[in-house]
Amino acid sequence: MFDEYTYSELGSIFAMQGFAGISLFSVLLLMALGLAIIFGQMGVINMAHGEFMAVGAYTTYFMSTLTETYFPSLMPYYFLVAIVVAFCVAGVLGYLAEYALIRHLYKRPLDTLLATWGLSLIMQQSFRTLFGAREVSPTLPDWLLGSYQPTDTIDIPLNGMFVLALTAVVTLGVFYLLYKSSWGLRVRATTQNRVMSGAVGINTKSVDRYTFALGCGIAGIAGAAFTTIASTGPTTGTLYIVDTFMVVVFGGAASLIGTIVSAFSIAQAQSLLEFFISGSMAKVYTLFALVLILMFKPEGLFASKVRR
Amino acid sequence: MNFVYEKLMGGKQGLLGFVLLAALILVIMPMFFDIFRLNLIGKYLTYAFAAVSLVLLWGYGGILSLGQGVFFGLGGYGMAMFLKLEASSPENTKIQSTPGIPDFMDWNQITELPWFWVPFESFTLTIIAILTLPALFAYIIGKAMFTRRVGGVYFAIITQVIAVILTILIVGQQGFTGGINGITDLRTLNGWDITSDSAKYFFYFLNAGLLLTVIVISRFILTSKFGSLLLAMRDKEDRVRFSGYDVAHFKIFIFSFAAMISAIGGAMFTLQVGFMSPSFVGIVPSIEMVIFAAVGGRISLIGAVYGTLMINAGKTAFSESFPELWLFLMGGLFISVVMFFPNGLAGLWNDYAPRVFPFLKEKAKTKDVPPVVTDETGKGTV
Chain A
1 MFDEYTYSEL GSIFAMQGFA GISLFSVLLL MALGLAIIFG QMGVINMAHG
51 EFMAVGAYTT YFMSTLTETY FPSLMPYYFL VAIVVAFCVA GVLGYLAEYA
101 LIRHLYKRPL DTLLATWGLS LIMQQSFRTL FGAREVSPTL PDWLLGSYQP
151 TDTIDIPLNG MFVLALTAVV TLGVFYLLYK SSWGLRVRAT TQNRVMSGAV
201 GINTKSVDRY TFALGCGIAG IAGAAFTTIA STGPTTGTLY IVDTFMVVVF
251 GGAASLIGTI VSAFSIAQAQ SLLEFFISGS MAKVYTLFAL VLILMFKPEG
301 LFASKVRR
Chain B
1 MNFVYEKLMG GKQGLLGFVL LAALILVIMP MFFDIFRLNL IGKYLTYAFA
51 AVSLVLLWGY GGILSLGQGV FFGLGGYGMA MFLKLEASSP ENTKIQSTPG
101 IPDFMDWNQI TELPWFWVPF ESFTLTIIAI LTLPALFAYI IGKAMFTRRV
151 GGVYFAIITQ VIAVILTILI VGQQGFTGGI NGITDLRTLN GWDITSDSAK
201 YFFYFLNAGL LLTVIVISRF ILTSKFGSLL LAMRDKEDRV RFSGYDVAHF
251 KIFIFSFAAM ISAIGGAMFT LQVGFMSPSF VGIVPSIEMV IFAAVGGRIS
301 LIGAVYGTLM INAGKTAFSE SFPELWLFLM GGLFISVVMF FPNGLAGLWN
351 DYAPRVFPFL KEKAKTKDVP PVVTDETGKG TV
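From first to last, the protein sequence lines are chains A and B. Numbering-wise, our numbering puts 190 at position 190 of the first sequence, and it's gapless, one number per residue. Numbering-wise, our numbering puts 17 at position 17 of the second sequence, and it's gapless, one number per residue.
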């Protein structure tokens, strides 16, 4: 499949598809970070995670419409505020979901899967009722549009760069929170040994609740980032949830480095393959390769050293 | 006689439930519904095959497969391929540029029948394929997963990914599979018009008979020693392993068996509905099959059938009048069945039936179905 291209063309193709893959990588990583924290910490599979992303995306859309109508002069800045608001809205919803639903099901992971699927159905229908069945996208500020051209054949969209920077900030923030803060210490202790952590005075229930809220909040940021590359519809979340699961499982649950590496390889594989074969087949090959690898290495790329 | 009573029917309660179900679907429904509604119920009953398979797999085995639609779809596509080839005989398709191949292949510039379609020209081979291929596929997946002790949520996710892969593949390879529209325009089975009323009646009763047979066989499996092992594996897998049993083999067997049952359901679906499309393969139908089993009571074979009938009837009724409410209701159902009624309809029946019908009492105490465990951490399996 490479025969019909010259080397320099191939170089440009790889560079451009690579940057296209980076947008996908950013969204996948932001989604997977939240999912991985929740899964690694509580063993809970959150099927509604994609819908929390959609919450973030719809919040951004809402903020955009609000700013456009009432404060048109603030348009260049609203997006930064929208990211924070998306985080808060998704986080609060996540907190409520944990309180009302998830905490009753910690000992039954398979049931959590079904209950959160139910939650995702309800959320999807709420989006449809509130925002309509049509796909929406916020008006992006001017500084996010356009592209940067280092050479004639390479064209790098600015929104991709912004999303990448955002992802880097969020990822570093999560690292700091988990590995440097005292709250992170409690989270890691709970992950390693829940009973013992409880015995030394950690309020594991509160740790769980805030971890879940944090994971959902990050999904909200992913949603805000998502609006810069595609439009949002009621079923947007579902489209990404399976890919996100694969990122988490492939990376090895409870390993943040693994999550980053696997999000990068999955996004890049898909994006590069997409150029040469059709998009749907690219996805089939990527997922199939993942399933095969997982059959031989079920614990994922970076297995956690936690004794279970 | 005792063998039939205890092993195949499951004692007094089991027999009563079985007779009630048989009476309902074989006598009462055909009496009260016209052929259109009956055909619809027949369609629901094909989903019940998948629900029954999930009772075995999930309710008793503790293995949650979110890819039962894959096997349902494989069975359905097998049957659809045979019917499609019969419908695209050279005389019927002489206006195509290549007569004798299905119309969607002709539209996609395929000039020769692909190799994997060839066996489906024979009815015998088709039946064999429907019964063996999905089971074989499940065997391969199961072998790869269970011998490496992949279980719990990991298994659920991987089966879900397989459902995604198959759906994308079917939709993407339009020339070979009919794409998003599926395989449509099926007319005859060995020359017999499948859209006629007599054929619809025949398929309804065939389907109901097969379903009841599957329930009896499943009951036999569950009352056998294997059934006890399955339960033991669900509750304390490690202890079963330490007792010297090879847990993986049992899991592979039940997964393949469940795949075969679902595939039979899929084949009957194609026969009664007259088409097969990828929308019965993907994530959503697969997870809906789980909720059929859950609503019926995940440890009740017969409950699964009622659960399927109830949800589908509700879905049809609601999507006719309040389509926007249906998803809310379905979501609420998922949540409430998990949080408040983990034993589903069968659980309610077991709790309340002996109070209403006192003669069930003594049996209900001794032959009580083990409750759903609350301590499956799922983590210990990887």
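Because the hints were derived from the structure by calculation, they are not lab data. On a predicted model such as this, the values are computed, not experimentally measured, just so you know. Using N, Cα and C, we set each Cβ at its ideal position, and we do this for glycine too. Among the clues, some could well be false.
Over the 10 Å line for every Cβ pair with chain B, so calculated as not near, a few chain A residues [said to hold, decoys possible]:
1) TRP117
2) GLN125
3) SER278
4) PHE296
Straight-line C-alpha distance at most 27 Å; calculated DSS-like pairs for lysine-lysine [said to hold, decoys possible]:
5) B/LYS143 <-> A/LYS297
6) B/LYS12 <-> B/LYS200
7) A/LYS107 <-> B/LYS236
8) B/LYS143 <-> B/LYS225
9) B/LYS236 <-> A/LYS297
- Task: Check each numbered hint from earlier against the structure, then list the numbers of those it violates in ascending order.
- Result: Checked against the structure, the hints that fail are numbers 1, 2, 3, 4, 6, while the rest are satisfied.
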